[in-house]
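Chemist: The task is simple: from the sequences and hints, build the whole structure.
If you read the protein sequences in the order shown, they are chains A and B.
Heads up: the first sequence runs through residues 1 to 96, numbered per the numbering used here.
Heads up: the second sequence runs through residues 1 to 198, numbered per the numbering used here.
One or more of the hints may lead you astray.
[Said to hold, decoys possible] A few chain A residues that don't get close to chain B, going by computed Cβ distances all over 12 Å:
(1) Thr7
(2) Arg31
(3) Gln38
(4) Arg48
(5) Arg55
(6) Arg77
[To be verified] Restraint ranges, calculated between C-beta atoms of paired labels, are given here:
(7) B:Ala141 - A:Ala29: 29 to 37 Å
(8) A:Gly44 - B:Ala25: 54 to 62 Å
(9) A:Ser78 - B:Arg94: 16 to 24 Å
(10) A:Leu25 - B:Thr15: 39 to 47 Å
(11) B:Ala127 - A:Ile65: 43 to 51 Å
(12) A:Arg51 - B:Glu172: 21 to 29 Å
(13) B:Ala141 - A:His10: 24 to 32 Å
(14) A:Asp42 - B:Asp27: 53 to 61 Å
(15) A:Asp34 - B:Arg94: 42 to 50 Å
(16) B:Ala124 - A:His10: 27 to 35 Å
[Said to hold, decoys possible] Over the 10 Å line for every Cβ pair with chain B, so calculated as not near, a few chain A residues:
(17) Ser5
(18) Arg6
(19) Gln11
(20) Gln15
(21) Glu22
(22) Gly26
(23) Arg32
(24) Arg35
(25) Cys40
(26) Arg67
(27) Asp74
(28) Arg75
No wet-lab data here; the hints were simulated from the structure.
Idealized CB from N, CA, C, for every residue including glycine.
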Amino acid sequence: MGLFSRTDDHQWSQQHLSHYVEGDLGSRARRRLDRHAQDCVDCGPGIRAMRALVRLIPVIEGSEILRAPAGIFDRMRSAGAGGPHSDTPPAPSWDA
Amino acid sequence: MQLPGRRPGPGSRETEAGLVARAQAGDMDAFEQLAGAYADRLFALLLRLLDDRAEAEDVAQEVLLRAWRGIGRFQGRSQFFTWLYRIAINEVNRSLEKKSRRPISVPVDTEALQLAAAASAEPAQQAERAELRRAISKALADLPPPARTAIVLRDVEGLSTQEAAEIAGVAEAAFKSRLHQARLKVRAAIGDEALLAG
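Modeler: Here you go:
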């Protein structure tokens with residue numbers, strides 16, 4: 001008998017399908033999921049579905065060419081004429 | 001996929017570092033050239049996160065104004081686009097917070113998805129694809145903002161986990177956790193059958 005019950009394995013596998021397809025599982029965890037998915041009617045297709053999702057999102061969401069509107073710099077031009085060091089500071093401090 | 005920060009701006013003969021230096025000295029044209037190279041992608045990012053064209057346009061203008069005013073603080077330890085995107089994420093969060101807007105939850109029509117997935121006739125393929133597109137867009141729109149941001153940065157924009165985490169302002173481990181949870185929710189909303197048929 002393995003370390004984990006079949007129910008444990010199933011719940012754990014379902015929660016780690018994205019980790020699996022992303023390559024974020026260590027070798028032991030990957031083997032655990034592989035072993036479970038071989039016989040599980042949900043997790044085998046689940047892996048394929050997660051792979052399909054990761055493949056489809058950029059195809060579907062990124063397929064539309066979106067152009068910035070012409071006036072995108074208007075506010076900067078009118079309000080920012082004082083130069084880049086004026087009073088409203090805004091840029092994140094993490095790069096300062 | 002070519003990342004925005006790794007290519008020269010369209011038509012620019014000057015390096016990005018040169019444009020940054022000129023912008024920091026107060027040259028607005030240099031800033032426009034610098035940021036203009038990323039304007040389309042910036043707008044697309046905002047539109048995907050806000051799901052409202054007018055709001056995305058308003059926030060885009062605010063991002064560029066803030067970036068212009070803050071360019072003096074940019075020290076080049078990250079790429080310019082990473083810095084710009086980080087400002088954008090901050091502004092998106094600010095905008096959503098201001099409006100206290102919660103994504104409107106519209107359940108995905110799983111029955112229609114399954115019917116579409118089962119259709120095998122060729123004329124049905126376009127409708128099936130359109131339905132899948134609608135379902136994915138709806139599932140993304142229903143995610144809480146941090147989860148949506150994780151998917152948009154990593155899966156739509158194609159940024160590395162390191163870059164995406166930096167832009168989102170969280171550690172890589174926390175970012176990965178958000179991403180994985182977000183994908184699980186989207187998968188659950190759409191259903192394996194529809195995904196495997198797509």
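Chemist: Tell me, which hint numbers fail for this structure?
Modeler: 4, 5, 6, 11, 20, 21, 26, 27, 28
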